[in-house]
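Chains as they are written, first to last, in the working numbering: chain H, 1 to 335; chain Z, 1 to 335.
These aren't lab readings, by the way, just hints derived from the structure by calculation.
Take every hint as true, because none was put in to throw you off.
Intra- or inter-copy, both count: the list cannot distinguish identical chains.
When the alpha-carbon atoms are kept at most 30 Å apart in a straight line, the in silico DSS-like pairs for lysine-lysine are as follows: (1) Lys236 <-> Lys272; (2) Lys272 <-> Lys232; (3) Lys27 <-> Lys209; (4) Lys29 <-> Lys256; (5) Lys320 <-> Lys309; (6) Lys163 <-> Lys29; (7) Lys256 <-> Lys165; (8) Lys165 <-> Lys27; (9) Lys13 <-> Lys308; (10) Lys29 <-> Lys272; (11) Lys165 <-> Lys29; (12) Lys272 <-> Lys27; (13) Lys27 <-> Lys256; (14) Lys20 <-> Lys209; (15) Lys163 <-> Lys27; (16) Lys209 <-> Lys29; (17) Lys29 <-> Lys40.
2 protein chains.
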Amino acid sequence: MGLLEVMRSYSVKVNEFIFKLLSDDFKLKELYDASRHLIKAGGKRVRPFLVIQSCRAVGGDEESVLPAAVAVELIHNFTLIHDDIMDQDDLRRGAPTVHVLWGLPTAILAGDLLFSKAFEALFMCSSHPNISFERLVEAGRRLASAVSTIAEGQALDMSLSGKLKEVLVGEDDYFEMIYKKTAALFKVSCEVGGILGGADSNELNALSKYGEHIGIAFQMKDDILGIMGDEKVLGKPIGSDLREGKCTLILIHALKNASDRQRKTIMDVYGKENISRDEINLVIDVLRDLGSIEYVESIAREQVSLAKKSLEILGSSEAKSLLLDLADFIVARRY
Amino acid sequence: MGLLEVMRSYSVKVNEFIFKLLSDDFKLKELYDASRHLIKAGGKRVRPFLVIQSCRAVGGDEESVLPAAVAVELIHNFTLIHDDIMDQDDLRRGAPTVHVLWGLPTAILAGDLLFSKAFEALFMCSSHPNISFERLVEAGRRLASAVSTIAEGQALDMSLSGKLKEVLVGEDDYFEMIYKKTAALFKVSCEVGGILGGADSNELNALSKYGEHIGIAFQMKDDILGIMGDEKVLGKPIGSDLREGKCTLILIHALKNASDRQRKTIMDVYGKENISRDEINLVIDVLRDLGSIEYVESIAREQVSLAKKSLEILGSSEAKSLLLDLADFIVARRY
Chain H
1 MGLLEVMRSY SVKVNEFIFK LLSDDFKLKE LYDASRHLIK AGGKRVRPFL
51 VIQSCRAVGG DEESVLPAAV AVELIHNFTL IHDDIMDQDD LRRGAPTVHV
101 LWGLPTAILA GDLLFSKAFE ALFMCSSHPN ISFERLVEAG RRLASAVSTI
151 AEGQALDMSL SGKLKEVLVG EDDYFEMIYK KTAALFKVSC EVGGILGGAD
201 SNELNALSKY GEHIGIAFQM KDDILGIMGD EKVLGKPIGS DLREGKCTLI
251 LIHALKNASD RQRKTIMDVY GKENISRDEI NLVIDVLRDL GSIEYVESIA
301 REQVSLAKKS LEILGSSEAK SLLLDLADFI VARRY
Chain Z
1 MGLLEVMRSY SVKVNEFIFK LLSDDFKLKE LYDASRHLIK AGGKRVRPFL
51 VIQSCRAVGG DEESVLPAAV AVELIHNFTL IHDDIMDQDD LRRGAPTVHV
101 LWGLPTAILA GDLLFSKAFE ALFMCSSHPN ISFERLVEAG RRLASAVSTI
151 AEGQALDMSL SGKLKEVLVG EDDYFEMIYK KTAALFKVSC EVGGILGGAD
201 SNELNALSKY GEHIGIAFQM KDDILGIMGD EKVLGKPIGS DLREGKCTLI
251 LIHALKNASD RQRKTIMDVY GKENISRDEI NLVIDVLRDL GSIEYVESIA
301 REQVSLAKKS LEILGSSEAK SLLLDLADFI VARRY
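The whole structure should be built from the sequences, with the hints applied where relevant.
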């Protein structure tokens with residue numbers, strides 16, 4: 001089986017667990033429908049896959065960490081629901097976003113519910129004899145801390161949005177932001193899987209580094225797809241990052257190297273409410289001319305190499321091979 | 001020292017811990033300011049007090065559960081920030097609400113941050129030698145589950161709001177709603193304190209029942225204060241429950257027993273955007289004539305008796321006396 005087939009087979013297990021956890025009584029149907037919506041709409045379940053394979057890669061039992069894998073996916077979906085409200089995004093995974101369908105109050109609450117259900121799920125690992133309470137507390141501690149980091153990342157993202165016009169945002173600011181917004185959850189997914197799988201400190205450190213590097217690469221690839229990707233495959237409108245004035249390394253690089261005319265082409269579109277396909281194509285041409293896409297792609301590939309290198313200390317296993325393949329997939333993917 | 005003095009002295013410790021936990025770096029000042037705002041604005045810290053005294057009442061060490069006490073207060077404040085957005089409330093604890101001061105995106109995020117910080121705080125209990133990892137996992141499991149219950153309670157509250165016009169909402173619906181919205185957090189506060197304090201199953205059961213009963217009484221008293229209380233002392237506008245069409249037992253009782261004319265007096269104000277002091281006074285007169293306030297007060301007092309009775313199996317201690325006094329305070333309070 002190839003990577004994607006294996007991912008799909010785990011994804012089925014994760015989904016089953018989630019829908020059992022999120023079953024409602026009839027009085028609360030609306031809240032639970034809203035909380036299930038994005039999960040039903042799709043998603044690759046990369047983060048649960050990281051938990052499960054990190055656990056297996058250190059000799060742990062995949063069944064024992066399934067609840068923890070579910071936990072990180074629920075955390076991810078909780079942040080998506082709330083981020084879509086904050087960013088006023090209407091479309092995600094090819095479907096209208098939760099606040100569009102159920103309104104603001106229910107969307108806020110659906111996110112909150114996924115958050116608490118995530119920790120409910122995590123604690124379910126305690127019923128498995130392989131998992132010590134001490135390791136479960138450590139996993140929970142890191143997961144809670146990662147969620148705080150993600151909230152900080154979203155705050156940084158919002159504070160940098162629209163700012164490229166006035167301020168020169170540095171690459172450091174960008175990397176700090178995407179580390180917090182995206183890579184922290186990838187990293188903690190690997191850590192949680194490793195800790196619950198019985199990793200020693202070297203193994204845990206390797207998995208943690210791996211997760212951080214592929215998380216950084218994942219967000220950079222997301223930024224590229226947000227400009228160049230196929231709208232139908234992605235399930236969200238192209239150019240929304242530009243419309244929202246999001247800070248990406250592509251734009252940081254481009255604006256640093258642009259001529260006045262190139263700068264104008266970009267800035268005419270940056271933060272603009274309605275962007276046409278033609279306008280986006282003009283910007284893409286400029287970004288290509290400046291080598292900005294290639295620049296970001298090369299750094300993302302570098303992160304993938306670092307990620308793979310981090311795993312060298314682990315003995316070979318099917319799970320390790322899957323993690324190595326996943327690292328390549330992160331930058332090769334088209335959705 | 002009287003109850004209120006003792007509560008204040010614990011409140012100082014809880015606040016110190018919270019402000020240390022919520023200290024920011026300068027880039028994230030806005031997010032952290034927003035997350036600290038309601039906590040700075042006031043509050044009685046009843047729920048942390050429950051954690052600490054429940055722990056002490058079963059022979060536990062108060063220092064060891066301080067992080068858990070902080071956790072429940074952070075959960076409480078996270079729900080307040082999000083509820084104020086959902087209910088479009090502008091004032092709380094005498095100050096503008098978080099979304100009024102910082103806008104919707106930062107308010108959502110500030111709530112999320114308090115939620116994750118709550119679990120970060122809880123896990124800090126693990127550094128204390130008295131607390132076993134097993135008990136900490138059990139406390140965390142119950143806290144996460146309580147937060148899900150609170151989200152369900154807020155959903156029920158919203159679904160019952162404005163409904164008294166068309167549907168006869170039953171007392172059962174009301175009690176289910178306030179159990180979930182309010183009493184679940186009181187209950188879990190006592191449980192967390194008990195579990196971490198080393199309670200056996202009888203003691204834990206007693207504390208759990210106590211917390212549930214005073215939680216129910218607390219919300220009923222809140223409903224009364226929301227109509228009859230002193231605006232300045234309460235820190236939020238009188239009549240907001242009426243304006244928002246909130247479902248309270250007072251109204252359920254009144255509408256069941258009202259004449260057509262009395263019903264009209266109530267319904268003229270129920271769900272109305274701007275309510276004058278005179279209009280509220282007219283409604284209060286009707287509620288008094290119908291005995292609705294007295295009815296709710298008597299049920300709240302009954303809950304307090306049940307709460308106190310639940311604690312009978314605990315040996316006498318200063319903490320137990322404080323819990324008994326607190327039960328009386330819950331219905332006697334004017335804010």
